[in-house]
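A.B. asks: The residues making up each chain are set out below.
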Amino acid sequence: MLLADFGTSYCKLLETRSSAPPRLIATRTMDRAMKVDLATGHNGKRYATTYVNELTALARGGLQLISDNSFTLLDCGSRDIKYVAYSGGKIKDMGWNAECGASMGFTIELLEKYYTLDFNTMEIPQSSFSVTCGVLGMSHIFDAVVTGESEEIAVAKFVKGIAINAYNFAKRPEKLYLSGGLCNNPLFTGSFPCPVVSLGRFVLLEGLQASL
Amino acid sequence: MITAATRTRAGIVGIPPLAVMEMLAGPEFEIFDLDEPHGKIDIETSSPFLPRVYCGILRTVISNSLVIRPEVIYIDTGAGKCDCAVHTATVLEDILPECKVIRTRNSDNTEFGTPLCKTEMPLLAKMAAITASVQEPAPSQSPPPCIPTVGFWGVPPRDFSLLDFFPTTTHIYGWARCMENKTPDNLQLELHYNPNVPTVFFAQSFCAKTALARHLASKHPHGLYLDCDVTAGNSAKAKIQAFLELSGI
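Chains A and B supply the protein sequences, listed in that same order.
With the numbering used here, the residue at position 41 of the first sequence is 61, and numbering never jumps.
With the numbering used here, the residue at position 176 of the second sequence is 198, and numbering never jumps.
Just so you know, the hints here were simulated from the structure itself, not pulled from any lab data.
Hints are supplied without guarantee of correctness; some may be wrong.
Calculated lysine to any residue pairs in the SDA-like style (CA-CA distance at most 25 Å, straight line) [what the hints assert, rightly or not]: (1) A:K191 to B:T25; (2) A:K110 to B:T171; (3) B:K122 to B:Q210; (4) A:K191 to B:P217; (5) B:K241 to B:V219; (6) A:K110 to A:G210; (7) B:K259 to A:T36; (8) A:K65 to B:P217; (9) B:K122 to B:V219; (10) A:K110 to B:T25; (11) B:K231 to B:L211; (12) B:K241 to B:S269; (13) A:K195 to B:H244.
Listed next, with one range per pair, are the computed distances between beta-carbon atoms [claimed, not checked]: (14) B:C168 to A:Q146: 53 to 59 Å; (15) A:S87 to B:G270: 44 to 50 Å; (16) B:A160 to A:G108: 45 to 51 Å; (17) A:Y135 to B:G270: 44 to 50 Å; (18) B:P73 to A:T36: 47 to 53 Å; (19) B:L209 to A:L44: 38 to 44 Å; (20) A:Q84 to B:C168: 34 to 40 Å.
From the three backbone atoms N, C-alpha and C, an ideal C-beta is built for every residue, glycine too.
My request is simple: use the sequences and hints to build the entire structure.
C.D. replies: In structure tokens:
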């Protein structure tokens, strides 16, 4: 059975009859005629016979991977951010911000390429910009660079601002479980004001498996 | 002789007092509930007169009024509606000088009961019946109650499509229950919820009731806060769908 999480920038595919790990392909290179058995993600309905809501997939993935029965799991994607919170084993809260949290992951990736930065080696800044979305936050970088700040520090403050915004969106948990491609960005994961446990970018695929 | 042409076009906003609604129920009036979307009236026609970041219901009131052109508008500006309605009334007075804008303060406390809120029926139809009951000064029928499996707390949303996801055994709480009871200024009834069923606490974005909805959702052992603006987007619908699925509904 072929499962897929169709993200804005990347698609994650898992063949359940194979022992191979999930595959990651850039969405823009994907075969538009592809059909999968079970999908999630905002493009998923076009490619699948059965579709699972992204929040449901995230929650079920979290339940598979997290042993606590009270937790907050935040997924930071290319286009949106969403979270689920469980308390005592029951779903307690959730949120999905596709508007004001828009394009955070995508913008971070663009900035890394545009300024030829390496997020693995950048220091986490003391302060941050007040950022509510990737698009609106860009102007802070330009303003800072114009006033003499280095591009690297300006982008680091921007990334920290995005992390703090995502933390506030998830209602400021004591500990945060994180999913999505930004799990691989140490500047981002280190910018949260609380302990972060990175679960990687295949949590929604786990949720799909749990939905079978 | 009263004809369609001679009937007075009367708009209502919120829930005017029963005495007003009894008068408007007469044959000489044609009632328009200005809180509800009518046909294809574009909400953006309100933009020159109200901020775009404002309650979607009151923006609808303005856009409806500009197109429907009521001769008289009864707008409730008491605690049973909201402060935004107070200011919207002022805007209406200025932009529709030919219309008589009458401010009311509904403090009715005769309880008509809430059978619709508690009966088994598709939630969308149930909410539509409650909003329609505002125009009926007599008590509605009394359909039998059902055992609730889910709760919907809040106001009638501007976009009823978000109600499609709920089961027929959803009970209605909050201000919508006050509407059916014809006691819009009844805070005790508005604060009531059922802690034993998963409940969505809904308010229109930019409405003062968002504070109450969010507060009650945090108190409820299994509550979800939800707000949305003019139309219910994918994220709002996905939240409802996931909440119900993950609650075993």
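A.B. asks: Are the Cα atoms of K241 of chain B and S269 of chain B separated by 25 Å or less?
C.D. replies: 17 Å, holds
A.B. asks: Just to be careful, I want the Cα atoms of K241 of chain B and V219 of chain B compared with a cutoff of 25 Å; is the pair within it?
C.D. replies: Since the Cα atoms of K241 of chain B and V219 of chain B sit roughly 13 Å apart, the hinted pair holds (cutoff 25 Å).
A.B. asks: Compare the distance between the alpha carbons of K231 of chain B and L211 of chain B with 25 Å, and conclude whether the hinted pair is satisfied.
C.D. replies: OK: K231 of chain B and L211 of chain B at ~14 Å, within 25 Å.
A.B. asks: Taking only the CA atoms, is the gap from K122 of chain B to Q210 of chain B under or equal to 25 Å?
C.D. replies: 33 Å, violated
A.B. asks: Verify the proposed pairing of K65 of chain A with P217 of chain B, using a straight-line Cα cut of 25 Å.
C.D. replies: 35 Å, violated
A.B. asks: Would you say the C-beta atoms of Q84 of chain A and C168 of chain B sit inside 34 to 40 Å of each other?
C.D. replies: The hint (34 to 40 Å, Cβ to Cβ) holds, given that Q84 of chain A and C168 of chain B are roughly 35 Å apart.
A.B. asks: Please work out if K191 of chain A and P217 of chain B have their alpha carbons no farther apart than 25 Å.
C.D. replies: 22 Å, holds
A.B. asks: Quick check on a hinted range of 38 to 44 Å for L209 of chain B and L44 of chain A, using CB atoms only.
C.D. replies: Once the Cβ atoms are compared, 53 Å apart, the range 38 to 44 Å for L44 of chain A and L209 of chain B is violated.
A.B. asks: Verify the proposed pairing of K110 of chain A with G210 of chain A, using a straight-line Cα cut of 25 Å.
C.D. replies: 29 Å, violated
A.B. asks: Can the restraint linking K122 of chain B and V219 of chain B be considered satisfied, given a maximum Cα separation of 25 Å?
C.D. replies: Violated, at about 45 Å.
A.B. asks: Within a Cα-Cα threshold of 25 Å, do K259 of chain B and T36 of chain A meet the stated pairing?
C.D. replies: 29 Å, violated
A.B. asks: Would the pair K110 of chain A and T171 of chain B pass a check requiring their Cα atoms to be no farther apart than 25 Å?
C.D. replies: The hint holds at about 16 Å.
Violated hints for the displayed structure, listed by number in ascending order: 1, 3, 6, 7, 8, 9, 10, 15 and 19.
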